[in-house]
Amino acid sequence: MFNKVLIANRGEIALRVIRTCRQMGIQTVAIYSDADRASMHVKEADEAVAIGGYTPRESYLVMEKVLNAARQTGADAIHPGYGFLSENAVFAEHVAQAGITFIGPSPDAIRLLGDKTAARALAERSHVPFAPGSTHAVASYDEVRDIAERIGFPVILKAAAGGGGKGMRVVEQMNDLHSALQSAQGEALTAFGDDRVFIEKYIVQPRHIEIQILADHHGTVLYFPERECSIQRRHQKVIEESPSSAVTPEIRKAMGEAAARLVAEAQYTNAGTLEFLLDASGTFYFMEVNTRLQVEHPVTEAVTGVDLVEQQLRIASGEHLALHQEDLKPRGHAIECRICVEDVYNDFFPDSGIISYLQMPEGEHIRNDAAIFVGYESGIHYDSMVAKLIVWGENRAEAIQRTIAALDDYHIAGFNTTIPFCRFTVDSEPFRTGNYSTFFVQEHWRKHVREELQELLAASAVFAKDVLGNRRKPQFPTVSRWLQQVR
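In this text, residue positions in the sequence shown follow the numbering used here: the first is 1, and each later residue adds one.
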């Protein structure tokens, strides 16, 4: 086992890794930018190394700074967390060349599965179903047009080299295809430095389901109960749960076995996640592989009792997986709410500020993965997610009620957060009945916001009339613009 692990990340995931390392008797090294000098992960690690800069490109994305910190402190392994360099094959290579263990898959596996077109081709060889479309990056508009005519509209264009909704366009009709292709290629080039895109059939009203896997260096591959990640905005997740109300034991087994086949074919090791779309008929389609630990991994830990970071460390050190597939059945139900610094009443626009008051919920089966405190400043340099609330219950109904109570007891003053959205969603009829899809925001949240703002407008108009009489008609330009947006 390792003596000292450097965590090439920040915030709540750095604290998460530190917690498991401490339990295993492993020393930890934190790195921090100038913006993170006062961060909790800096204080909680055994050692901390300043790497300078404010933006990711000046700090956490600079490979040589990270490697120098590892050499300087004598770290024998690097845990990349998620984001930043976690899925960078070149970084994984440089770590190995420095004689340090990268806690994750091999560079070859990252390259193979990190490229969506290569992953689709691998899925085809592994007999894993995926949506009809191209298994390679399209070379021209003519090729895109021919494929679209063959598979039928709607279609979706996706960046081959990345994710997070960047370089992604849904196209409903042929007239929009050419401009959508140009737009997707331009955004992909800006976001990933690679303008390659591919095309596939767009699955209408899907569920977003993912399978967590673990694979050791001795040929063992295990799959875990699925996570449902359909509550999203801008193709980015906000609420996750496990297990999914839409997945039967038969689908779970078929999807898990498909995931295991694909990663075995790729000679993949360590933790990873395969993402699928599930349609109303119960047919699932492979989307992509995330070659790292996922943000939402705590819900899997909650329903299985397995510490996934501990397993990552054990696998990377060469140990055999001591777990057995038959033991990985869901026990109870877990829900995760991402606490992001965003104005949910203004189309989830990023916010900023300094926390002046903080109260996080506590109690049995409530877990807070967070790196916030009174005085914490949320700025523009990093991702908007600052915390995660994870709640477990004996069953889904209990988990929902416990989550609602926990959100009601979650108070942050200093900036807007996604807490109101999470509270509305978990208590909504579609969520309670499990009858929802990736279109929840469009179909339910925006309607709710429109109704709330209309009530506010009406109340404000009455107030203005009472106070001002008929001398002046009240104007609410910001609210009016938002009402137009959400119609």
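Please keep in mind that the hints were generated in silico from the structure rather than gathered at the bench. Misleading hints may appear alongside valid ones.
[What the hints assert, rightly or not] Derived BS3-like pairs: lysine-lysine, alpha-carbon spacing no greater than 27 Å straight-line:
{"id": "1", "residue 1": "Lys253", "residue 2": "Lys329"}
{"id": "2", "residue 1": "Lys166", "residue 2": "Lys447"}
{"id": "3", "residue 1": "Lys253", "residue 2": "Lys166"}
{"id": "4", "residue 1": "Lys65", "residue 2": "Lys43"}
{"id": "5", "residue 1": "Lys201", "residue 2": "Lys253"}
{"id": "6", "residue 1": "Lys4", "residue 2": "Lys43"}
{"id": "7", "residue 1": "Lys201", "residue 2": "Lys166"}
Item to check | Violated constraints from the hint list, given by number and in increasing order | outcome: 3
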